Amino acid sequence: MIEFREVTYVHENGVRALDGITLKIDTGETVAIVGENGAGKTTLIKHVTGLLKPTSGAVLVDGIDTRQTSTAALSRRVGIAFQNPDHQLFSESVKEEIAFALRNFGFPPSLVEQRVSWGLQLFGLEEYRESSPLVLSGGEKKRLTLACILAWDPEVVMLDEPTVGQDAIQKEKLAGTIRMLGSTGKTVVVVSHDIEFLWPLQSRVVVMKSGRIVADGPAPEVMTQKEMLESARVAEPQLVSFYQALVRRPRSPFVDALEARLWIEGDKAADSGRPAVT
Amino acid sequence: MWLSSGFIFRKGTSRYHKLDPRVKLLISALMFVTTLIVRSVFQLAIVLVFMVAVAAVATVLKRVARTMALTATFSAFIFVINIVFTRNLETSALYASRFVAIVVSTSLFFITTSPDELEQVMKMFRLPRDVVFAFVTAVRFIPVMMLDALQIMDAQKSRGLELEKGNLLRRVRNMIPILIPLVVNAVVRSGELAEAMESRAYGAVARPTSLMEYRARAGDRAVAVFAIVTFAFAAYSFYFLLPTFMP
Amino acid sequence: MEIENLSFRYPDAPKKAVDSFTLEMGESEIVVLAGPSGCGKSTLLRAINGLIPHMYTGDYSGDVRVAGSSVKASSMRDLAQTVGFLFQNPENQIFMFTVERDVAFGLENLGVPRPEMRRRVDEAIGLLGIDDLSQRAPHELSDGQKQRVALAGVLAMRPRLIILDEPTSLLDPKTAMELVDLVARLRKELGTTFVVVEHRLDLLVRVANRIVVMNAGVKVLDGTPRDVLFGEAADGYGVAVPAVTKVQRMLAKDRFVADDRLYSAAELASIVERRDE
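Chains as they are written, first to last, in my numbering: chain A, 1 to 278; chain B, 1 to 247; chain C, 1 to 277.
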């Protein structure tokens, strides 16, 4: 369970990256954090593992203040997948790469073996077991960083802009992975500005602007507040635009049927999503 | 950290900052040479006072003072080593304070001269254009690489890497997960830079033209002449006229 | 610009990166190049601006011609003045300490005389609306701003064709839309042709007049956005069909809406409303 209590973070140059953030994320929730570049999304998630400590206020993970413990200890429970895999790959082989964090966290060698194999299989990287991580393609590297994190089985998984540079097929797989993590009881936090990707996940959405939280609630509630989204420079999902442009009230059976069809037909990858606009 | 306060350029508006960079180079070079000429601590103290005065004129007094304070430790170290080997108080003090003066004179140049001006000076000394370009690019990417390093450290810390713990050997080993991605990124970066350079016709012409014009102003020339005259006077005085305290 | 039966294989590579690729483009077009990761888009782009074969060698067959001249026969110096390339990472294409000087970089390399250079630099900076940034250092800029600076540097060379390699990948949606609008405006004002590699089609579909889809080095689809996105084939190639277009497809199947062009969310909604009556 992650809790932010009136957290403010001020940079050396005086910029307030976070301004009075109060937020609670329960175990097992999937939360999307959206906002324009510079709104403070990455700063927020860095506070969860103590990479950054608040200037005022407190961040608590399962009741422990992040200032009272180390980043390593917090990372054991909260895995962060940063945007750029090239900022962390360095081992001689892919299997060593996955083993790195496991060893740091004190896993016994037999368990390390097991988890490495599991991670390789889960993300379809078995064929690269002995290869250097540096020769993998961009998409494969991203899968590898995810494999590294899931290998140590943190309770919370945070993804920072996971869709950057990914094609449609890769994004579908990613959405599937996020759903899978949620269904196994993990807490998942996704920071992204790719609204079209987030919409079908229908998760809780937190909107940030200039270091503050300006909205927080279920996707259908938050993503339909046009003015708020405009001022936070967050794009509106296309389907929301469509349904909201249908001015007619009450809605006709035709539109309901249309909606239902979208839900069924689009479900091949569930990427039309269910607008659930009333 | 002392490297930062002592040698990184920051924009300034003083008359000194606006001097032609060759003049700034001249002034620092003359100061440097003077510190090598002086024969006693007393004379060096005069030089240091002069440097501090120039720093004040250039509105960089705080930074120079900080640099002096930060070099004091190493300077003290030099003093002690010299005392141990020569048992001569005078010369030891001289060498120790000479070190501080040398650092201050070079620091003064670098903190008041922008990378653009440095490039300009290099071009004026007819250094090969590839060398100048390599230098410019390197300096341009220093902040970028520093940011990369921070992001890499964040990523590895999030995988349980503890940089603060352990004995010296362990700490050195723990730098590997930081250094390898940094180097790899730098190599990839240079590849991308090469593509961009080619795509913008780098090397198309033997003598590239320049958007900016650099001309020394009359005032700058006057300052240069003044600096040379002062130096000549000081050198002469220190060497011949003033009594030395060396036996 | 014409690509005629181009094939290219990197040295030591088992397969061709680009295989018998043919494509034609006219002036004032915005062409989107899409396809799954690893399909050869990057290779194709570099074959257009000359980095292949001048900087990267390999098995090269076929021909690429821009504005009448063959790419493999021209020098990079000439090509740089006809084809501009905006790379994916704006950071790694800004060399100088000040924005203004970086925009002039290509012109300095070409030995353009100072007055002409000044004019072109000011013009490019004006076109991109970055006048207030001209004296800044690159590390003081946001990603979107760096993008514009890099584009200004390309525009200063006055190319006829500009390649944009995933220009929006680092940008948030609003900034990305601003960039797309800018590109559309430049096309209109300057008549430049743009080739844009992009995954996020929903942003580009409004302004593109053509979509070309590649897979495993081969061209698989080529047509207007309507043609390419309406055909179900696009889905198979990992092309991100915008959600609104999927709605339109569904409605078009039952003839509720025309399928002559792509409609926006608002347009579709008003059509549904009218049909509903």
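Honestly, the hints are just simulated from the structure, not real lab data. These figures come from a predicted structure and were not determined experimentally. In this text, a Cβ means the ideal position worked out from N, Cα and C, and glycines have one as well. Among the hints, a few may not be true.
A partial selection of chain C residues facing chain A, derived with a Cβ cut-off under 8 Å [unchecked claim]:
#1 GLY38
#2 GLU166
#3 SER169
#4 ALA240
#5 VAL247
#6 SER270
Under the rule of at most 30 Å between Cα atoms (straight-line distance), these lysine-lysine pairs were calculated in the BS3-like manner [stated by the list, open to error]:
#7 A:LYS226 to C:LYS174
#8 B:LYS165 to A:LYS141
#9 B:LYS165 to A:LYS53
#10 A:LYS24 to C:LYS174
#11 C:LYS219 to A:LYS173
#12 A:LYS171 to C:LYS253
#13 C:LYS15 to C:LYS219
#14 A:LYS173 to C:LYS15
#15 A:LYS173 to C:LYS246
#16 A:LYS141 to C:LYS174
#17 A:LYS209 to C:LYS174
#18 A:LYS171 to C:LYS246
#19 A:LYS173 to C:LYS253
#20 C:LYS246 to A:LYS226
#21 A:LYS171 to C:LYS219
Going down the list of hints, with the structure as the test:
For C:GLY38, the suggested interface contact is upheld, since its CB lies about 6 Å from the closest CB of chain A, less than 8 Å. With its C-beta approaching chain A no nearer than about 7 Å, C:GLU166 sits inside the 8 Å limit, and its interface hint holds. At its closest, the beta carbon of C:SER169 sits 5 Å from a beta carbon of chain A; the interface hint therefore holds under the 8 Å criterion. For the restraint placing C:ALA240 at the interface with chain A, the shortest Cβ-Cβ distance is roughly 4 Å, inside the 8 Å limit, so the hint holds.
Proximity of C:VAL247 to chain A holds as hinted, the smallest CB-CB distance being about 6 Å (cut-off 8 Å). Against a cut-off of 8 Å between C-beta atoms, the interface hint on C:SER270 holds, since the closest Cβ of chain A lies about 7 Å away. A C-alpha spacing of about 14 Å is found between A:LYS226 and C:LYS174, which places the hinted pair at or below 30 Å, so the restraint holds. Taking the CA atoms of B:LYS165 and A:LYS141, the gap is near 29 Å; set against the 30 Å cutoff, the hint holds.
Restraint check: the Cα-Cα separation between B:LYS165 and A:LYS53 comes to about 19 Å, which is no more than 30 Å; the hinted pair holds. For the suggested pair A:LYS24 and C:LYS174, the alpha carbons sit about 28 Å apart, so the restraint of at most 30 Å is met. Our distance criterion of 30 Å between C-alpha atoms is met by C:LYS219 and A:LYS173, whose separation comes to about 25 Å. Of the pairs offered as hints, the one joining A:LYS171 and C:LYS253 holds, with about 27 Å between alpha carbons and a cut-off of 30 Å not exceeded.
For the suggested pair C:LYS15 and C:LYS219, the alpha carbons sit about 16 Å apart, so the restraint of at most 30 Å is met. Straight-line distance between C-alpha atoms of A:LYS173 and C:LYS15 comes to about 26 Å, which keeps the hinted pair within the 30 Å bound. Between the alpha carbons of A:LYS173 and C:LYS246 the distance comes to roughly 20 Å, so the proposed pair stays at or under 30 Å and holds. Restraint check for A:LYS141 and C:LYS174: satisfied, since their Cα atoms lie roughly 28 Å apart, inside the 30 Å limit.
With a C-alpha separation of about 13 Å, the suggested pair A:LYS209 and C:LYS174 falls inside the 30 Å cut-off, and the hint holds. Annotation: proposed proximity of A:LYS171 to C:LYS246 holds, straight-line Cα distance about 17 Å (limit 30 Å). For a cut-off of 30 Å, the pair hint linking A:LYS173 to C:LYS253 stands: about 28 Å separates their Cα positions. Under the criterion of a C-alpha separation no larger than 30 Å, the hint pairing C:LYS246 with A:LYS226 is consistent with the structure, at around 22 Å.
Distance check on the hinted pair: A:LYS171 and C:LYS219 sit about 22 Å apart at the alpha-carbon level, within 30 Å; holds.
This entry satisfies every hint, going by the numbered hints stated previously.
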